[in-house]
Amino acid sequence: MAERRNRTLFDIVRSMMNFIELPCSFGGYTFETVAKLFKMEPSKTVPQTPYEIWHGKPASYKYMRVWGSPTNVKRLVGDKLDSRSRLCRFIGYPKEAPGYYFYDPSEQKIFVSRNIVFLTKVFLRITDEMRCYLRNQVKHLSRMTQHL
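Under the UniProt record's numbering, the first residue of the sequence shown is numbered 1, with each subsequent residue one higher.
Hints are computed from structural coordinates only; laboratory data are not their basis. All C-beta atoms, glycine included, are put in the ideal place defined by N, C-alpha and C. Be a bit skeptical, because a hint or two may be false.
[Said to hold, decoys possible] Label pairs and their in silico Cβ distance ranges:
1. Leu9 <-> Ile53: 11 to 21 Å
2. Pro42 <-> Val77: 38 to 48 Å
3. Arg14 <-> Met64: 13 to 23 Å
[Stated by the list, open to error] Dumping the calculated EDC-like pairs for lysine to aspartate or glutamate here, alpha-carbon to alpha-carbon at most 16 Å:
4. Lys139 <-> Glu52
5. Lys74 <-> Asp104
6. Lys39 <-> Glu52
7. Lys36 <-> Glu21
8. Lys57 <-> Glu41
9. Lys74 <-> Glu107
10. Lys95 <-> Glu32
11. Lys36 <-> Glu96
12. Lys62 <-> Glu41
Take these sequences, add in the hints, and give me the full structure.
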């Protein structure tokens, strides 16, 4: 049972990273994000989510964001004529601080910030070709899980 859950988790991580085209070095951030989502997911056998069992209260989904989505992160320092924000990618949720993890491709750095504007609507405009690809992947996965 646990092996199947882990395989599903790794399949989701691999798919997410391929979709955004991030290198394998981001696997840890992706894995933590997927594990966090799994903890908030209800199951058929247990009436509560793992998050509810552990924390004693239902999970809040208001801070959840689309993983890999582009964001405008406010710059805290810079010259007067510099851009006030930089384009980054959302890659996860830190455990130790409020905010989100971001990757800045121009500086190739990962950092935590709360001063952001998520560009989710832009990110979710998927081309017809990508929709077709995703639809085929879902069909393939559903066929595979029927045999289990």
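Going through the hints against the structure:
| no. | hint | result |
| --- | --- | --- |
| 1 | Leu9 <-> Ile53: 11 to 21 Å | holds (19 Å) |
| 2 | Pro42 <-> Val77: 38 to 48 Å | holds (44 Å) |
| 3 | Arg14 <-> Met64: 13 to 23 Å | holds (21 Å) |
| 4 | Lys139 <-> Glu52 | violated (32 Å) |
| 5 | Lys74 <-> Asp104 | holds (12 Å) |
| 6 | Lys39 <-> Glu52 | holds (9 Å) |
| 7 | Lys36 <-> Glu21 | violated (21 Å) |
| 8 | Lys57 <-> Glu41 | holds (14 Å) |
| 9 | Lys74 <-> Glu107 | holds (15 Å) |
| 10 | Lys95 <-> Glu32 | holds (10 Å) |
| 11 | Lys36 <-> Glu96 | holds (14 Å) |
| 12 | Lys62 <-> Glu41 | holds (15 Å) |
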